[in-house]
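Please model the complete structure; the sequences and the hints are all you need to start from.
There are 2 protein chains.
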Amino acid sequence: MTSSANQAVQSILHPRSIAVIGASEKTLYGRGIIEYLKYFKFGGNLFPVNPNRDEIMGIKAYRSVKAIPEIADLAIIIVERKYVLNTLKECVESGIKASIIITAGFREADVEGKRLEDQIVAFARENEHRICGPNCAGLANIQDSTVMCLLREEGRELTRGSVGFVSQSGALMMALAGVARDRGIGLSYIVSTGNECDLEVCDFMKYMLEDPGTSIVTAFIEGFKGPAKFKEVADLALLKKKPILLLKVGKTELGKTAASSHTGHLTGSDVVYDGLFQQKAIIRVADTYDLFDFTKVFSYPKRPKGDGVLILTSSGGLGSLTADLCGDIGIKLPKIEGATLDELLGLKGLLTFDSLGNPADIRGQGMKILDKVIPPLMKDDKFSLILICLGFSTVGTGVAQEIVPTIIDLAKTSEKPIFVLWVGRRSNQGLGDRESGFDLLQKSGVPVFEKPTTCLRAIKALMNWTRFHGEWKEGSTISLPDLEISRQKVRGILEMNSGKLDEHDSKRMIAAYGIPITREGVATSMKEAKSIAEEIGYPVALKVVSEQISHKTESGGIALNILNGNELETAYQEILERAKKYNLTANIKGVLVQEMIKDGTEVILGISRDPQFGPVIMFGIGGIFVELFKDVSFRVPPISRFDAIEMIQEIKGYQVLLGMRGKKKADIESIIEIIMKLSNMALDLRDNLVELDINPLAVFEEGRGAKALDALAVMKSSI
Amino acid sequence: MTSSANQAVQSILHPRSIAVIGASEKTLYGRGIIEYLKYFKFGGNLFPVNPNRDEIMGIKAYRSVKAIPEIADLAIIIVERKYVLNTLKECVESGIKASIIITAGFREADVEGKRLEDQIVAFARENEHRICGPNCAGLANIQDSTVMCLLREEGRELTRGSVGFVSQSGALMMALAGVARDRGIGLSYIVSTGNECDLEVCDFMKYMLEDPGTSIVTAFIEGFKGPAKFKEVADLALLKKKPILLLKVGKTELGKTAASSHTGHLTGSDVVYDGLFQQKAIIRVADTYDLFDFTKVFSYPKRPKGDGVLILTSSGGLGSLTADLCGDIGIKLPKIEGATLDELLGLKGLLTFDSLGNPADIRGQGMKILDKVIPPLMKDDKFSLILICLGFSTVGTGVAQEIVPTIIDLAKTSEKPIFVLWVGRRSNQGLGDRESGFDLLQKSGVPVFEKPTTCLRAIKALMNWTRFHGEWKEGSTISLPDLEISRQKVRGILEMNSGKLDEHDSKRMIAAYGIPITREGVATSMKEAKSIAEEIGYPVALKVVSEQISHKTESGGIALNILNGNELETAYQEILERAKKYNLTANIKGVLVQEMIKDGTEVILGISRDPQFGPVIMFGIGGIFVELFKDVSFRVPPISRFDAIEMIQEIKGYQVLLGMRGKKKADIESIIEIIMKLSNMALDLRDNLVELDINPLAVFEEGRGAKALDALAVMKSSI
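Residue numbers (this note's numbering), protein chains in the order written: chain A, 25 to 743; chain B, 25 to 743.
Heads up, some of the hints might be wrong.
Given that identical chains are not distinguished, each listed pair holds provided it fits within a single copy or across any two copies.
Simulated crosslink set (DSSO-like; lysine-lysine; CA at most 27 Å straight-line) [unchecked claim]:
(1) LYS687 <-> LYS676
(2) LYS121 <-> LYS440
(3) LYS329 <-> LYS356
(4) LYS436 <-> LYS604
(5) LYS392 <-> LYS467
(6) LYS484 <-> LYS356
(7) LYS689 <-> LYS654
(8) LYS701 <-> LYS654
(9) LYS50 <-> LYS372
(10) LYS84 <-> LYS740
(11) LYS654 <-> LYS676
(12) LYS372 <-> LYS403
(13) LYS484 <-> LYS654
No wet-lab data here; the hints were simulated from the structure.
This is the structure we're talking about:
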């Protein structure tokens, strides 16, 4: 199906001949599609289809699809919804293999629409016909000027380039194509996918990742229809080293409601998406404004080699503001020192020592000799990117005009990226034809920004992405070890169990996959309890074992820090009495005798099933971090060592593991290993593992490992 | 001094006659100031001063200030730095009372500059001459067209209005005046304050708050020279109900370095500023872009009466994105229901039930009948503000042209604010003279935005500000109760103490101000300890009392949960032994016998001295909340009940007080009272109280109060 999807997308984006079914001067799309194909001089054969016309807008028209003298690569369908199925049938009979259905009024509209869409899907699937839409706004191959949507005032002249844009919203495809144009971003394709009854956003993203003419893929997403497919797309992007920039709805519940009422997509658990985005270096942007400002920095061919940024500013005030934001966003501003400083101080026209900090406040005078200021900085390895901050009108005379050509020149010849943040008047209203320096830079491909926070966040995203690709190794793909022995052990456990496992069996199960657990045993008599305790060594903890009592603390089913046999006797009896009191009908399997662990930092690990992604691994620090701050990270298996490290470091409470409140650094290495083992376990057990919680895992100080103190697994009955 | 500052600002902003000292065709400012005053037809007398000229740019010039035939209201000084002091002397001798010193090269430049500036300050102070600058870029009274700076291409036509803008950066004053113009914001004054050797940003803000022609005050601040003055300004803004919007540097350490290297201001502790901003409803914006987008919503004369927003969108995709962001930012989107829904459903041209959620996706068709869609929504009290989201080119034909006049009309006549978020192409390049719908709305004063997050954050800020002013009562100014008895008690405690007080005395001190503490007493013998314990009732806690041992736990100087006399005996001896071992030379005053408190949520309260604001009150939840997340709130006394409530609610851990992990809701009312008592205490003891920590205060469940379990106060020796 995938390769056929790719072929279909190829036909849809590069049709050599198109049948426009429902062409008509009288309707918006019926007229528009023909108009745009004509206007941009579509080089292939164009066949308007209309039962009542022999000619439309000067082009020979056909009464039906079947009357077309050749097999068109693509049908664009604009007929009323009730005629769509029949039209499709005619297309299939004529040998047409792909279509764009623009017609709306399907799943998104009402029950009848859903019924019609289901019919269409069934028919198309049966006949291997592929569809983009329905309820979409068409698409365009900007590279080849094949425009199959209404660009209207956006596109009388196309801005060609290598940025692909896919949108689940037709209106936003058109609106954002205009925004991209405003920002000087050249596009390769723009695609709206509508209801995605067949081809979905990921099919187009995949095509673009493989397309040599597309170097960046951007998308507006309300919800992925097939998250598994999105995972493939994300992996492909990693391999191809092409950035994906996503504007994705679904951060909050409010958004989810609106999104699902719009396209009927189930927007998946957003935190899981964020985990996957981290894992695959996908850049998520905040809004429509940021999307193409972020794209600017990724479009620029040069990548920063390190993480130091140098800021040159024309205004001290703008410099201190920018530095402030850099601190907030986490951008490093190394000092100018040594030979670089000496060289700069030697320049005539530059100011005193004091102003050559970072930001370096070189004022207007310094900006005029940028060609002399920049080269020493280019030689200095500390600085991987130079940001020039200008604080004056972009339509100004004087300084602005003088420095813009220099910046363009330097940006072209320099090894390192040079970006510009320009705060000042932009409109040239009342100034005649005077061209804005901002626009001149943009036209020349120099990334230039007007909003400081967006600019700096984009730079940070670029640096993160570049660092990720530097550290991430293509070869480090994860292969699952042979886990037959683990599986056998789990089978053994499951012979006696089904569904929710008790604490001891849950621990045995994770132990089968190499995760360290407490020394322990289940006793069914006081005598046995004592003998287990002696084997383990005092102090021990006792816990009631019963599938019906999950809240062990609440039920009084726990006794901690038992120091000797006498204490054990009392505690053993008390626990059983309290447990029976708490739940009269509970089936009590015995009492767990467990070594007592007092030290260690408590973390939480788990495997849960995301409705969209299947198994996902969660990590967090125990207690209120998880409960109140939702301070957890997610990853989708397989999880590499690199992923596991990121997963641990990205939570806010990471500092706790590094040691605080008098505690030594925790054994982070053991957490990394356990996460990777959980990943193997999740992949090995697949659907059979419904859910697993290790809460808590006690992590001891560096070099001393970790142990699961409690665990709860829910399994299908057999594996 | 303040009233004289106000007079000086009056002379500076509204001069009837101006001496421009250093006027010259040959220098940027020497020429520019005259040029702009002339261009905008300054109505008063203009006296260029230049020792070598009788006429400059067609205006009679004077060889010296003294030669001017009248006493000018204002001198603008542009001479070289070495001549500035002499020039000032001449001004004073001529009776001129205020000047703007544009000349740079003072404190910000080098040691010599600092020396010169100090001389100027001393001379001006002695002679009651007031100065704006030096090292400033001038200023302009836009209302009266008195332009005393180089507006260059920004201002050949001024956009007059009621927004005042003060900037510590001259370059940003000019650059942002251009940005304001781009956003259609009318300005009353723009002021750059430079080195603030005399008049500072707060003097100008204060003037503008009292100026009937200014309704909003905006500012770019690197650091306040006089925070106390800023507090006055903030209080005045509250009384005048005029919004202050600040772009303030200093959020991060990086920014601080840059800021202090620039103007030499000490940027105060930023968290304290944030507390004060909250307390006084001051709006802090993120960057230069946001400053005037936020100003747009405050410039609009109508205020939302509640917190419900209705979103009308032309595109489902844009609607779901916006809803998502609303969830994130905390904007409420109530449903359309009942009569309002019925009325809308009755409209011809509107779509089905499903799309009338909130966001209501009314598409292009619905936008065309906005005049019918809006009125039912205006009648519905649930909605206090309507946001229209448009997702298409702003220079488009068709829909855009049709709806813009309707929106302008509705925004004028409606009771409730109507704002527009417009995502789409903005430049009209290649489209001839076609005017952008965006600009048309802007010109008509309808707040219109292109960046969704900025738009929604601005709306949220407006709603917060309006709510604050609704709840905040002018009359609720806080008067300090008579605290003579408290003070006497503290004097008693201080007779025996100085500097750091021990735990018991610290607690006695807060108890003197009405803050509840544990029942306790200091014993100097075992016998006494027993008798105190019996009075209090077991269980008790024992703690070593010694000024030299502040880490009581570490030193082993604590024993908890002592159940009877026997246990007390053992614990008493152990504590003393361990304490002596821990610190051989410690002076041990005795052992504190304290009632044992086990339950309650632990919070931290404190009074610290901010280097800029003096005493500030801190509140936070105990433990890692404070240590790791810095999850604390600050306020500057006096603290009203309203402030205290906000202070408690704004921390992230607030939920802990509402009850979680099986705990009941905490007695928040008692925290409110204690915060207010701390405020009284801080104001009453002033500088004498160096520092106070109540850590922890145990807050019991609702209705059961709170008790300080431990406290540490540092005092000056006497009060």
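Results for each hint:
1. LYS687 <-> LYS676: Close inside one copy (17 Å) and across copies (25 Å); limit 27 Å.
2. LYS121 <-> LYS440: neither (47 Å within a copy, 54 Å between copies)
3. LYS329 <-> LYS356: within (13 Å within a copy, 44 Å between copies)
4. LYS436 <-> LYS604: This pair counts as neither: shortest intra-copy Cα distance 79 Å, inter-copy 72 Å.
5. LYS392 <-> LYS467: within (21 Å within a copy, 36 Å between copies)
6. LYS484 <-> LYS356: within (10 Å within a copy, 32 Å between copies)
7. LYS689 <-> LYS654: both (23 Å within a copy, 21 Å between copies)
8. LYS701 <-> LYS654: Within one copy only: 24 Å inside, 34 Å across.
9. LYS50 <-> LYS372: Answer is between: at 22 Å across copies they meet the 27 Å cutoff, but 69 Å inside does not.
10. LYS84 <-> LYS740: Answer is neither; intra-copy 64 Å and inter-copy 98 Å both fail.
11. LYS654 <-> LYS676: both (10 Å within a copy, 12 Å between copies)
12. LYS372 <-> LYS403: Cα proximity of LYS372 and LYS403: one copy only (19 Å, versus 68 Å across).
13. LYS484 <-> LYS654: both (24 Å within a copy, 24 Å between copies)
In the structure shown, a violation is registered for the earlier hints numbered 2, 4 and 10, in ascending order.
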